[in-house]
Amino acid sequence: MEFPEHNDLDGEIMKITRKDVETVALLSRLEIPEGDIEKVTGQLNAILEYVDVLNKVETANVEPTAHVLPLKNVFRQDEVKPSLPRELALSNAPEQEDGYFKVPKIVEG
Amino acid sequence: MELFRYTAHQLHSKLKNKEVSAVELTQAVLDRTDAVESSVKAYITQTRDTALAQAKAVDNKINNGEDITVLSGIPGVLKDNICTKGVKTTCASQILAKFVPPYDATVVEKLASQDTVIIGKANMDEFAMGGSTENSGFHPTHNPWDVNVVPGGSSGGSAAAVAAGEAVWALGSDTGGSIRQPAAYCGLVGLKPTYGRVSRYGLVAFASSLDQIGPITRDVTDCAHVMNVISGYDAKDSTSINSAAPDYTKSLTRDIKGLKIGLPREYFVAGMDADVEKAIYKAIDQLVALGAEYQEVSMPHTEYGLSAYYIIAPAEASSNLARYDGVSFGHRTEGTDIVDMYKKTRSEAFGAEVKRRIMLGTYALSSGYYDAYYLKALKVRSLVKQDFDKAFDKVDVLITPTTPTPAFKIGEKSNDPLAMYLQDICTIPVNLAGVPAISIPCGFSGKLPIGLQIIGKPLGEETLIRTAYAFEQSNDYHNRLAPLGEVK
Chain D
1 MEFPEHNDLD GEIMKITRKD VETVALLSRL EIPEGDIEKV TGQLNAILEY
51 VDVLNKVETA NVEPTAHVLP LKNVFRQDEV KPSLPRELAL SNAPEQEDGY
101 FKVPKIVEG
Chain Y
1 MELFRYTAHQ LHSKLKNKEV SAVELTQAVL DRTDAVESSV KAYITQTRDT
51 ALAQAKAVDN KINNGEDITV LSGIPGVLKD NICTKGVKTT CASQILAKFV
101 PPYDATVVEK LASQDTVIIG KANMDEFAMG GSTENSGFHP THNPWDVNVV
151 PGGSSGGSAA AVAAGEAVWA LGSDTGGSIR QPAAYCGLVG LKPTYGRVSR
201 YGLVAFASSL DQIGPITRDV TDCAHVMNVI SGYDAKDSTS INSAAPDYTK
251 SLTRDIKGLK IGLPREYFVA GMDADVEKAI YKAIDQLVAL GAEYQEVSMP
301 HTEYGLSAYY IIAPAEASSN LARYDGVSFG HRTEGTDIVD MYKKTRSEAF
351 GAEVKRRIML GTYALSSGYY DAYYLKALKV RSLVKQDFDK AFDKVDVLIT
401 PTTPTPAFKI GEKSNDPLAM YLQDICTIPV NLAGVPAISI PCGFSGKLPI
451 GLQIIGKPLG EETLIRTAYA FEQSNDYHNR LAPLGEVK
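Protein chains in written order, with the working numbering: chain D, 1 to 109; chain Y, 1 to 488.
Partial selection, computed: residues in chain Y whose CB lies under 8 Å from chain D: (1) Ser209; (2) Tyr342; (3) Tyr363.
No more than 25 Å apart at the CA atoms, straight line, and that leaves these computed lysine to any residue pairs for SDA-like: (4) Y/Lys18 <-> Y/Glu66; (5) D/Lys56 <-> Y/Glu266; (6) D/Lys102 <-> Y/Gln94; (7) Y/Lys413 <-> Y/Phe444; (8) Y/Lys88 <-> D/Ser91; (9) D/Lys102 <-> Y/Arg323; (10) D/Lys81 <-> Y/Ala112; (11) Y/Lys457 <-> Y/Val395; (12) Y/Lys390 <-> Y/Tyr294; (13) Y/Lys236 <-> D/Pro82; (14) D/Lys39 <-> Y/Ala419; (15) Y/Lys236 <-> Y/Phe99; (16) Y/Lys413 <-> D/Asn45.
Listing some non-contacts, in silico: residues in chain Y with all C-beta distances to chain D over 10 Å: (17) Glu24; (18) Asp34; (19) Ala35; (20) Arg48; (21) Leu52; (22) Ala53; (23) Ile68; (24) Gln94; (25) Asp104; (26) Ile118; (27) Gly258; (28) Val269; (29) Ala391; (30) Ile410; (31) Asp476.
Hints were generated in silico from the structure; no laboratory data involved. All C-beta atoms, glycine included, are put in the ideal place defined by N, C-alpha and C.
In isolation and in its complexed conformation, chain D is listed as follows:
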């Protein structure tokens, strides 16, 4: 999902607009009550304005660090071992039926 390139709210240049916040909320599977959107937009703007300082750093020839350790894949023998018993795996489920997790209907028809 793309965000508009230029954000303009109340005549001020904003990092993130009210509309962006609504889009991000949907992507995050969150609902922001109508009365709170203004406040949340303001708080996110304050944080984004603060982190803008990162743009002062010259990073053209810098490799990103996602992890401090040189990670490599960890392999193990493909052996059959006991797994978590089904009842235990289901023990925290909000809803279950016939040994399965139960969710609202997803597929129509």
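Go by the hints and put chain Y onto chain D.
Just chain Y, lined up with the frame of chain D:
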């Protein structure tokens, strides 16, 4: 002195000499908890019955003449984001309010193998996001040195419990300072180990490339003993360092002759409390008197650390917390369809700070903004790490304040997320670089403790413990007790 005030290693001698039984000790800590918990509120869950049963088992061993280890029978508390089989693990979130893990974290298995007594699960900022324990989804925790100020966070319950005598030792977790900052605010020793030194298996993930479990204790000796139990390789954690952990108690010597200390000038920021600054310089004088040498070093990317962190940590969190969808575990709120169910579940059960960070992280990772925010932050992380690499070419350890000010009043920063984040300015670069750091008491501002941070090279925990021990043994800050008795 009352039993609950001793350190673990002192209590171990008392157990071995049969001056006291493990059941008496656990009961003394439980009685203390009854007396002060209403003013401190350190706990989310207490496990009294199993604690007494664990203590009884240790007494049986002692009476049968069997050997016990230093932590055997010593009551401790776990931060409530460390999974305990059959015991609620909530992360101080309503979304996990009823979650009972079907397995133990690796550190919990290791502690059990030493016959430790676990007396409960400690309060924290929800999902470890925060620096005051005010973001708990259940209740705030109070600082035993002054109940009107915060204990720090996110491991605030762990630190407050140890400072108040409601536990002898604790485990916390540290993503941006969450062990060291509460240890500093509560006058305790807190160690964040090298990334990968302690298994994260069973630690509920916040920001996986930064999270590390570590001890909060009353002195450096106890810190070394807890580290001996929890450190080491774990095949269940793919980021675990595959090398044997040393015996950290061997570093409890007072010899720091010739130790090279670096003082990064960028950490002595504007807005630093005058008492804090004075205490740090006094500590350096003390270390020099003990034989260390010091020099100023420059770590020019320090000021960007906080900004990089507040992109990287929320980005990782937004991905890690996607699992709370109301399907296989945790809270569910019914909705009209599945997306509505997800949204209602998450909106109702996550607190404001958690939602804010999920949104910030989602934004930073979204198409069109990924390069500008997330990738940029990862590149700045490289530069922050390089600052440490270069400094450690010249010095053995770095010394900084743990926090720019002592603990603040409850409510003082809760409406200003940015002001709260600024408390982490000295601790965050350490997580970005993955190096170890310890906070130890180094003085007071009024009645509130001040923390000294010692930062080490990767896997340099032994040097940290040696330096911290030499400093601790040359002063008496660690012997002072939180004046909680008078509080009603």
